[in-house]
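Listed below, chain by chain, are the residues.
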Amino acid sequence: MTTDRNVSMERAMTKPERAEENAWTSLNTPPAESLEMFAQARSRCPVAHSQGFGGFHMLLDYSSVKSAMADFRTFSSEPRVLKPDLPRPTVPALEMDPPTHGSWRALFNAAINPSTVSAMEPVIRADVQKHIRSFQSRGSCDIMEELCESVPAETICKLLGVDEDRVVPIRDASVALFAGQATPELYPPLYERFAEVALAEINERRRRPREDYITKLCSARVEGRPITDEEYVILLSAFLGAGHHSATSAMASLIYEVFSRPEVRDLLLADQSQIPIAVDETLRLHPPFFGFFRRVVRDTEIAGVKISAGEDVHMGWAAANRDPAVFECPESFRMDRGVNRHLSFGLGVHMCPGAPLARLELRIVIEELLKTLPDLTPISEPIYHFGGGEYCSLERLDVRFTPRSA
Amino acid sequence: MGYLNVMGPEGKMATHAIAPGTSIMETLRDAGYPDILAVCGGVCACATCHIYVADRFQSLLPPLTEDEDELLETSDSRTSRSRLSCQIIFSENMDGIEVELP
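Top line first, the protein sequences correspond to chains L and D. Just so you know, we're using numbering that gives the first Met the number 0 here: the first sequence kicks off at 0 and counts up by one. Just so you know, we're using numbering that gives the first Met the number 0 here: the second sequence kicks off at 0 and counts up by one.
Honestly, the hints are just simulated from the structure, not real lab data. In this text, a Cβ means the ideal position worked out from N, Cα and C, and glycines have one as well. Misleading hints may appear alongside valid ones.
What the hints assert, rightly or not - Coverage of chain D stretches by chain L, computed from C-beta distances (three or more under 8 Å per stretch; other residues unrestricted):
hint: 1; region: 29–41
hint: 2; region: 44–54
hint: 3; region: 72–81
So that you can see chain D by itself, here it is in the shape it has in the complex (with noise of 0.2 Å):
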């Protein structure tokens, strides 16, 4: 188990345990944070699990693939952080990720 860190609308921190091999959009989804719809279940095909990602751990993430890149072009509040969370699956080497919701 591992920890995520998430910065609410309202700007309040909370920590949420997240396993290995799960996508981080699970556990946003699962902890009932409402703008985290996921409707399309996780296969990149919408963009209602969009989240920004903390600047020092950019690194880790798995590159930006064009199916991802087009869906968060559809997005206005697309930034150079952010990331679909279906497509990033936790691994220990992220343990205390930072992500915040748009």
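Isolated chain L (complex conformation) (with noise of 0.2 Å):
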């Protein structure tokens, strides 16, 4: 198998190259210059259309992509919310419109919740501990690899009650899965594979059950009957692809926007409580995902311009982030802005239910590299880039420090 080197090649063949506005994806158009084009189009008028993918209106403002996200009776998360189409089920809750959408929610609910979240503040910590301890003496390190890549994803891990020994396989097959959105003819593979992997979770749990969130999910019900085998698979990548890829981006921007403004960094460690502020105003800049699609299923107008019934939409969280009219400076990062509502979590019956345990997560990185390696100071420029279906992040964060005996 050399899935994952088909992807990179692939990816590394078809390099971006800047489209014209009426035909933009993020499979044509790098994150910066998408979040250009936006701006300039916003400026004309804040819904603006594509070509790309067969055809769809986008959201530009923070106003109209507000209310689309609030209005699921008009625009519909079914039957996909993701592009390019590709041959997987139906990404439970996410791409499902209440009432089966409860159904599914609760699965989600029931796994990440207050009580859940604070009982994993001191796991995550110690788990940064570690990965902090391991890189600590070297003096500089590639931070996304050494900690970004790993934390969130044995988070999640670990809140669903995955093996220590297991977490690598399952993270690198969930790591291919993602990428393999980009380029539907090879994701048969990449999903067969991750199938194999998390199914040996489920399949363990039934002969042995044990008291943790998988061996629960062996009986739950959803929609009144039993969970399939094929649903237990793309739950599963759920819960791990949303789970883990877009906390390691977030991770990787704040600590790329914390420790490259002394004074950030520097307030920060005078004032903790202070971290918070910096985790939303890392995510408004730089959302994981710029946006997922909406299909409206009712004939609706949005900003003045006509929408038909089963026509595309395509809710634009990085713009949105980014609206003048309600952030000002918006390109610059603020620990001032007072209450941020940036929509990089989503917003309505959809918000990410992983966001109080990615804010978790993120606070802790701030504080345990605070504590430890203070002066760390990133010495790579950060260049953003699309992974699958919107993934928006770093591919590396080289960083430099004072060493400190492990």
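Assembly of the complex is requested from the two constituent chains, each provided in isolation within its own frame, with the hints serving as guidance.
In structure tokens:
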């Protein structure tokens, strides 16, 4: 199997070139150019149109995106919120409208709620400390690889009950599956590989039940019936795909934003209660997903633009987060914004159920880095890339720091 | 400190201390009511802190904003007494306020 290499070769061969606004997709325009294009298009009209993916409307201003996200009865999440379309089952909850949505969403809420999140705090902190200890004597590292790619995957796996020695194979299969979203023809074998490791977990719990979340899933019912094996696979891919790639992206962005600004780092060293402000300001500027799609199910009008039933609409979170009508100096990282209602976790019934867990991980990482390596400094320019499904992330983040004996 | 009275899903009333200047959501979440997930953290971006406020306390509440209205519309269990508890900052004149969980 050389599927991982095929994916990266395919991406290298189709090096993105700047597309005209009327053909924009995340496959043909890199993140920085996309943000520029959104700002220019928004200044003309808050609703643009792209001919990409068979044609879709693009919502670019905060007010339109927010209202469309809240109105699930007009802007449906069915059948798909990600493009291009892939040969895979519906992602539970994410690609369902109420009332079906509620039955599946309950499975996510059972895993991630205020009591499970607070129970994870010491677990995450110990994990972050373990990773920092592994590189703190070296004086420099790619912190993306050494910390950001590991902590969120380990957090979500521990939350679910995956054994330590199974975390890496599950994470790797999930990363490959996720990257494959940009290349539909390569997707099926990646899906099969992920299905194998995911079902191994389910089958292990069926044979030997434990006190963990995966065991509870084995007897869970949705829509009044048991969950099928096919559904277990896509459900676990949703937990892992949404639960760790996005936090990995946000963690690297946060480390860059805080430690490339000595005044922000010093502020947080003096007052750790302001770390959550830095977390949300980073999420506003660097949403791990630029946006998801909706399908209009009844004729509607948004910002004066008529949209017909059956048409697809892109919810531009990244664009909305930089709308100057809502965020003053939207390109600037500011610690004094007050309430920061960015849309990076979505909004309404589909708001990311993992948001409290992600915020906790992000806060702990900054607390521990400030404590152990306070003079950490990024030495590479942050260059963002799109992965599949509008996932946006740094590929690496080189940093240096005064070495400390482990 | 004031007091918040909560009618739980089983029909039992419980009383919780609540500090002025904090939201009702924070007290409900920290008391462990399982349906108060407060996913968005209290910025009026989801509806996972939905409550009903007893009629006689309604006049003490801040007016409903368009944002809160849009989000309450996402709930099938909305009534005229519905509010998002993250948007109600407790003040001393609300002492003894009675809320119910959907």
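Checked hints:
With 9 residues carrying a beta carbon less than 8 Å from a beta carbon of chain L, the region 29–41 of chain D meets the three-residue requirement, and the given coverage holds. Counting residues of the region 44–54 of chain D whose CB lies closer than 8 Å to any CB of chain L gives 4, so the stated coverage by that chain holds, three being the minimum. Here the region 72–81 of chain D counts 3 residues with a CB under 8 Å from a CB of chain L, which clears the bar of 3, and the coverage holds.
The structure meets every hint from the earlier list without exception.
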